[in-house]
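Note that this note's numbering has the sequence shown beginning at 87, numbered continuously upward.
I should point out that these hints are in silico values taken from the structure, not numbers from a laboratory. Watch out, some of these pointers could steer you wrong.
What the hints assert, rightly or not - Below 30 Å or equal to it, Euclidean Cα-Cα: the simulated DSSO-like pairs (lysine-lysine) are:
1) Lys-89 - Lys-198
2) Lys-103 - Lys-198
3) Lys-248 - Lys-106
4) Lys-106 - Lys-134
5) Lys-198 - Lys-105
6) Lys-105 - Lys-242
7) Lys-89 - Lys-185
8) Lys-89 - Lys-105
9) Lys-134 - Lys-248
10) Lys-262 - Lys-248
11) Lys-106 - Lys-89
12) Lys-134 - Lys-262
13) Lys-242 - Lys-106
14) Lys-262 - Lys-105
15) Lys-242 - Lys-103
16) Lys-198 - Lys-134
17) Lys-185 - Lys-262
18) Lys-103 - Lys-134
19) Lys-248 - Lys-103
20) Lys-198 - Lys-106
21) Lys-198 - Lys-185
22) Lys-262 - Lys-198
23) Lys-248 - Lys-198
24) Lys-89 - Lys-103
25) Lys-89 - Lys-248
26) Lys-262 - Lys-89
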Amino acid sequence: MAKTPEYPIVVIPELVKEKKQFTPLVFPSGQGDAPIGASEGLFENVLKHYFGEIVSPQQVMLPPGHRLPFTADFLIIEPNTGLHIDLEVDEPISFATLKPTHCIGEDDYRNKCFVDVNWLVIRFAEEQVSSQPERCARFIAGAIAQLTDNNTYRQKLLHVEKVTPMRQWSARQASKLKKSDYRQGYLVQRKN
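Generate the whole structure from the sequences, applying the supplied hints.
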């Protein structure tokens, strides 16, 4: 039986992993207008605090052969190598449709489109970003250090604990979470 994926989910392009080639094959083409998740504004503040101007929200990328672009929740471009990191914040229930979203396997094709053009993908559960934003920042800084040898950001976050992993949900589990108002619980808790 396959192990349930856990957040943070990391998908590393082969060119980055094997050849240490960081330049993307497709560059972002500006800011998108995708709906912004409930916890993304708070997370953006934390990201800007630790990573500064290398963070851009809602960046659009058009994969080859596609008519419509994808929008990264956040893009981080490591300044020394140009490594492009697509940061995603996954919620179990869409506020727009009130249906399960980001369920196991649902984002695999989307991840592949980013990885195929040499962007690293890091996905966090919204609950992690909401309850552990600095820990998520530490994880990102660690990934940057490990792949590019740039320890600048990791040094700023040495005092922060590691992010607590979370299992990714199935559509059935997300429906149960919706019925129990689970998402509202952690979003309200973050505001207090």
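Structure-based check of each hint:
1. Taking the CA atoms of Lys-89 and Lys-198, the gap is near 20 Å; set against the 30 Å cutoff, the hint holds.
2. For the suggested pair Lys-103 and Lys-198, the alpha carbons sit about 15 Å apart, so the restraint of at most 30 Å is met.
3. Simply put, Lys-248 and Lys-106 have alpha-carbon atoms about 25 Å apart, close enough for the 30 Å limit, and the pair holds.
4. About 26 Å separates the Cα atoms of Lys-106 and Lys-134, which keeps this hinted pair within 30 Å; it holds.
5. Using a Cα cut-off of 30 Å, the hinted pair Lys-198 and Lys-105 holds, with the two alpha carbons roughly 18 Å apart.
6. Under the criterion of a C-alpha separation no larger than 30 Å, the hint pairing Lys-105 with Lys-242 is consistent with the structure, at around 28 Å.
7. Of the pairs offered as hints, the one joining Lys-89 and Lys-185 holds, with about 24 Å between alpha carbons and a cut-off of 30 Å not exceeded.
8. For the given pair, Lys-89 sits about 29 Å from Lys-105 by alpha-carbon distance, which is consistent with the 30 Å threshold.
9. Taken as a hint, the Lys-134 and Lys-248 pair is honoured in the structure, with Cα atoms around 19 Å apart against an allowance of 30 Å.
10. In summary, the hint linking Lys-262 to Lys-248 is supported, as the alpha carbons are separated by about 28 Å, within the 30 Å threshold.
11. The straight-line distance between the Cα atoms of Lys-106 and Lys-89 is roughly 29 Å, inside the 30 Å bound, and the hint therefore holds.
12. About 34 Å separates the Cα atoms of Lys-134 and Lys-262, which puts this hinted pair outside 30 Å; it is violated.
13. Distance hint between Lys-242 and Lys-106 is fulfilled; the C-alpha atoms sit about 24 Å from each other, no more than 30 Å.
14. A distance of roughly 43 Å separates the Cα atoms of Lys-262 and Lys-105; the hinted pair therefore is violated under the 30 Å criterion.
15. A distance of roughly 25 Å separates the Cα atoms of Lys-242 and Lys-103; the hinted pair therefore holds under the 30 Å criterion.
16. Pair hint Lys-198 plus Lys-134 holds up; C-alpha atoms about 27 Å apart against a cutoff of 30 Å.
17. Taken as a hint, the Lys-185 and Lys-262 pair is honoured in the structure, with Cα atoms around 11 Å apart against an allowance of 30 Å.
18. For the hint pairing Lys-103 with Lys-134, the CA-to-CA distance comes to about 26 Å; that is within 30 Å, so the pair holds.
19. A distance of roughly 23 Å separates the Cα atoms of Lys-248 and Lys-103; the hinted pair therefore holds under the 30 Å criterion.
20. Annotation: proposed proximity of Lys-198 to Lys-106 holds, straight-line Cα distance about 18 Å (limit 30 Å).
21. Taken as a hint, the Lys-198 and Lys-185 pair is honoured in the structure, with Cα atoms around 23 Å apart against an allowance of 30 Å.
22. Of the supplied pair hints, the one linking Lys-262 and Lys-198 holds, its CA atoms being roughly 29 Å apart against a limit of 30 Å.
23. With a C-alpha separation of about 27 Å, the suggested pair Lys-248 and Lys-198 falls inside the 30 Å cut-off, and the hint holds.
24. The suggested pairing of Lys-89 with Lys-103 holds, with an alpha-carbon distance near 23 Å, which does not exceed 30 Å.
25. At most 30 Å may separate the alpha-carbon atoms for a hinted pair to count; Lys-89 and Lys-248 meet this at roughly 21 Å.
26. In summary, the hint linking Lys-262 to Lys-89 is supported, as the alpha carbons are separated by about 20 Å, within the 30 Å threshold.
The structure does not agree with the numbered hints 12, 14 stated previously, though it agrees with the rest.
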